[in-house]
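Asker: Those protein sequences? They're chains A and B, same order as listed.
Heads up: the first sequence at position 5 corresponds to 5 in the working numbering, and the numbers run straight through without jumps.
Heads up: the second sequence at position 73 corresponds to 73 in the working numbering, and the numbers run straight through without jumps.
Please note that a few of the clues may not be correct.
[As the list claims (entries may be wrong)] BS3-like cross-link-like pairs, simulated, lysine-lysine; straight-line CA separation at most 25 Å:
#1 K160(A) / K99(A)
#2 K276(B) / K320(B)
#3 K320(B) / K4(A)
#4 K10(A) / K55(A)
#5 K112(B) / K25(A)
#6 K22(A) / K202(A)
#7 K8(A) / K22(A)
#8 K198(B) / K112(B)
#9 K4(A) / K198(B)
These are calculated hints, taken from the structure and not from any lab test.
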Amino acid sequence: MSLKSFLKEKLVSKELNDQLDKIDKPVGTLGYDPWGFNTDTNKIVISLFSTIYDKYFRVETTGIEHVPATGPVLIIANHSGQLPIDGTLIGYAVSSREKSPRLPRAMIERFFPTVPFLGNFLNQVGAVLGDPTNCSKMLKNGEAIVVFPEGIRGSGKLYKDRYQLQKFGNGFVHLAMKHNTPIVPVGVVGCEETIPAFANLKPLAKLLNVPYIPIALPFVLPAKVRLNFGEPIHFDNDEPSEEQVTRRVEKVKSAINSLIAQGLEERQGIFE
Amino acid sequence: MSEKKIVIKKKTPSKTVLVTGAAGALASQVINRLREKYKIVAVDFRKLTYHSDDIPSYKININKRGFEDLFKKYDFDSVIHLGRISSGEETRMNRYNANVIGTQKLLDLCHKYGINNVTVLSTFHVYGASPYNPALIDETAPLLAAELTMDLVDSVELENLANIYLWRYPELNITILRPCNIVGPGVNNSISSLLSSKFSPVLLGFSPMMQFIHIYDMADAIALSHQKAKRGVFNVATNDWIAYQEALTLCGCTDIPLPSIPPILPRAITSLLGMKMFPSYLINYYKYPVVIDGSNFNETFGFEAKTPLREIFRTYRELKE
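Whenever a hint applies, use it, and build me the whole structure from the sequences.
Answerer: Listed below in structure tokens is the structure:
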């Protein structure tokens, strides 16, 4: 028996297994899809992650029903926290919702595929290299995709810049228009405080060819996380100029800013 | 009333097909699929192989002048070019001469003798293995292999050459096929050796997605492309995927992990040990995925691979038992 089969048998309950099997996922005969997603690894990680989601980060969501039950959708959120914890929490939230759960894919930075173990692991749980071709093909497959248009500018920012949205790339609006896909904005509150970074060792990061090396606490703080999903935004594919696309990006950014503000107002403190 | 005598005559094939690389397992399978309908002439530069009494077989180098005599003698209608020296065999120069210059000579002869159906076998290796590869690479993607390793220059050049002829001489109806990993009985490439081996090297922390096509399915694909003769470049792959290390496990192999970083380390180890089945120039293909999209070929030619991955791997596992 392989380690994966052993872990699946020990950790994945029959209920969870059945629940996840009901979610339609285009995989091959051995449970893999072309991007490396694997049904068994995903089940094991979801079973382990439920405690982290419920007990450690005590995640609360609002408006999660705005993610459509089927069809392509881009879930666009603010990025923070040095590690891709925010993407994992959004993915888990959508895959564990009561009505019409889905297994969304998260677009990850180009640096991850070069990291031993981590790159393959992220692929197996549904993360995909952030590349327009990948995104395009997955939207054609009717997938839900989590995108952080800030990229490493968002995840690598310092604690002093928390909740200040960085520059968004325009690519996601182009893809949404091309594939007639709704955009669901998400404001993530709490992940900024999970790994607060006070400085970035840029020269060392450059030397090691990694996006950033933060000076931060060597553990993840149990900040309470709020995920506020906004109403879907549609853009017509009317061949707008790049300037008009940028204005559409700003509209999404503004929606995310409002959802972040809502989350910050709701919380009583970082851990509650 | 006179009695009518019914005479059953064996139909003589009217068209003649030249198959290069005839000593290889894939060519044998292709010949088996075409021999009923066509007169086959088999050639290989490596050795003389016997297929059957009605199939003339030659050991000849395409670059030699005598090769043209075959065109004069047999009046070929079509050519299936499977003969190429695999990466890692021979020297770079010999490979270039055989694979690139030889193919150019062959295509020139095809043009000279008015052949209007040419199939050229390429490989998915031409796309190159990079951490930034998207999945489901289609035929319009740039060919990056030559940028990553000099050992695959001849593969990319062969493609470029065939592409030039494809557009310059449309009447040749050149079909270029870029298959994923071909595996199965008799296949002698590096991935097949890895699946056959009891102990197979892997790069620590990397298990890229891979695609495998059974040799019988690949032979069907080549026979189909020859039959339909549609000009263009096509990926050939199954709609099924697996991580490299899991494929090894299903084949009953034991992983031998090699250090993967810094990148120079595994290259040095494989070069030093002269590991033929895990050559240093293919290291990146065991580190990063090159997943191709075969849907264009499937739709154009009505192709669907029949052999499931589990069956392919079971055969390799049973061979070990």
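Asker: For each hint given before, does the structure comply? Return the numbers of the non-compliant ones in rising order.
Answerer: 1, 5, 6, 8
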